[in-house]
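2 protein chains.
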Amino acid sequence: MAVYTEIDDDQVTAFVGAYAIGRVLACKGIAEGIENTNYLLTTDRGAYILTLYEKRVTAGDLPFFLSLMEHLAARGVPCPLPVRGRDGETMRWLAERPAAIVSFLEGMWPRKPTPEHCAALGDTLAAMHVAGADFSATRKNDLSVAAWRPLFEASTQAPDGVAPELRDELATELTALAAEWPGDLPVGTIHADLFPDNVFFQGGRLSGVIDFYFACTDFLAYDLAVCLNAWCFEPDLSFNVTKARRMLAAYRERRPVAPAEIEALPVLARGAAMRFLLTRLYDWLHTPRNALVTPKNPAEYLQRLRFHRAVRSAAAYGLE
Amino acid sequence: MAVYTEIDDDQVTAFVGAYAIGRVLACKGIAEGIENTNYLLTTDRGAYILTLYEKRVTAGDLPFFLSLMEHLAARGVPCPLPVRGRDGETMRWLAERPAAIVSFLEGMWPRKPTPEHCAALGDTLAAMHVAGADFSATRKNDLSVAAWRPLFEASTQAPDGVAPELRDELATELTALAAEWPGDLPVGTIHADLFPDNVFFQGGRLSGVIDFYFACTDFLAYDLAVCLNAWCFEPDLSFNVTKARRMLAAYRERRPVAPAEIEALPVLARGAAMRFLLTRLYDWLHTPRNALVTPKNPAEYLQRLRFHRAVRSAAAYGLE
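Protein chains in written order, with this note's numbering: chain A, 1 to 320; chain B, 1 to 320.
Pulled out of the complex, with its shape left as it was, chain A reads as follows (with noise of 0.2 Å):
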């Protein structure tokens, strides 16, 4: 939660000039994101979001990102719908940020996801796949195998350090991912990021899909590891394994799903616990202090990773 950026009165009224959306009337933090800094912005014409990059995510990305969420909004997704300025442009600057406006989407996130909130899930999730399969930009994903080594010797160098039992398993395993990750899996556009607090419901449907600031080109079917790690596990890390069948099934409802990526299931699921455990284990003891927000702590990622390392198939996933 927080406004990395404070910007004024005048700046929000010269900024919103470059747009055909109506006169302000309010421009309020809003305590939601830690990436970015967002303000929910309100003219005579509706509510927005006014989002000022903040530093992971770079102005060279931004055009792909705000590109994507257009070409998803026009399919239908419900996914918010960059707004262009009078001369055309969705990206422009403010406070000497990469800055932008979206729509504003209706919902609040769910706290407790249920397994119908996971269906719903895994039916939006396929949506976007299907309507990104003709989106013709591309984008490496920088948080995939290949960065965690890096990040991972970038933790344990630092001053806290990393106790050495659970520095030695995270090296044993993220050798073993290296020599098992897959190679040839369907490709398309992911979101990566899809952890409930990006997904809005409102009376139960599904109103919103948010935050495609790591979205990428990568496996399909590693969007579907993300969402097992966040969705499916219980408060006490338990696995809900309902919840999982709920959201494979209506996922393989709008998109059929290849056996090699069911069979791929359990490690792509390892690397995504890996992914989310090695970004929150440098964002831990890389976090002054006295900042804004609290980091998330990793040692949640250590419980699903170890889960995952346990499953011999995806049917412990509920899949067949």
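None of these hints come from the bench; they were simulated from the model. Watch out, some of these pointers could steer you wrong.
Intra- or inter-copy, both count: the list cannot distinguish identical chains.
Lysine-lysine pairs mimicking BS3-like chemistry, simulated, CA-CA at most 30 Å apart [as the list claims (entries may be wrong)]:
| no. | residue 1 | residue 2 |
| --- | --- | --- |
| 1 | K140 | K28 |
| 2 | K140 | K55 |
| 3 | K296 | K112 |
For this one, chain A is given, so just place chain B on it according to the hints.
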């Protein structure tokens, strides 16, 4: 900037069900406000602010604050209007905290107040004082002169302590303030915390006054003294007499100021500087390093206090 209390979608829906304000479309934590947790609540009938009152606001005081806002809003003061539930109540409980829904006010607070902002502020402050004249409830100002010595002592006993020279300067000033504090000035309902971030403007017009949670019954001129401190110093802490003159002149057009009030302004301004110095000092010394909010630096109030101490009469504020 902080959301101290997270509430989930089910809690929001259940809570809003007690009001006749339509169906919840969205509810987002907002980053403004350092004392309470505020959500921007959108329903199919409009926008509202849902506030959960944290430590500093007690349930016992809330009826005073909420009925004051109702009283002022009914008399045309642009302040939030508490929404009554189907049971007629404005206060209820959410997540074990007292909570209320109030109307959403348009506008943004001025990051760089101008003399025009100060004039509008003076006008609205007088309008609030006039409108509050027939408000019958009272509440003691528990951050006035009697509270300062205990606050000061709690700070000097904190582990990090206060430098000896500063301690001596403040002790001397506290004794002087206790001796010189006026005993007989016009009393009424005051806001007592009217900083720029509590006042919204839209298109140059003052559109809203918020955050009545320090409101109390005290000298009306003390509100002017707070505003002199909050609005009339430049970022380099020089005093801008033009802003003060505009603010006071606009105030006096709507509410005549008695000679005794004018004479008392310098000591009231010293007292107001002391009040914010002491609460900031206390927060500075008692806020854990990893807290969600960065405490505000008390040092700038020491400079304001010294300015007011050097003032010989209210003429220094642009008053004759």
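Query raised in the report: Which of the listed hints are broken here?
Result: Result: hint 1 breaks, nothing else.
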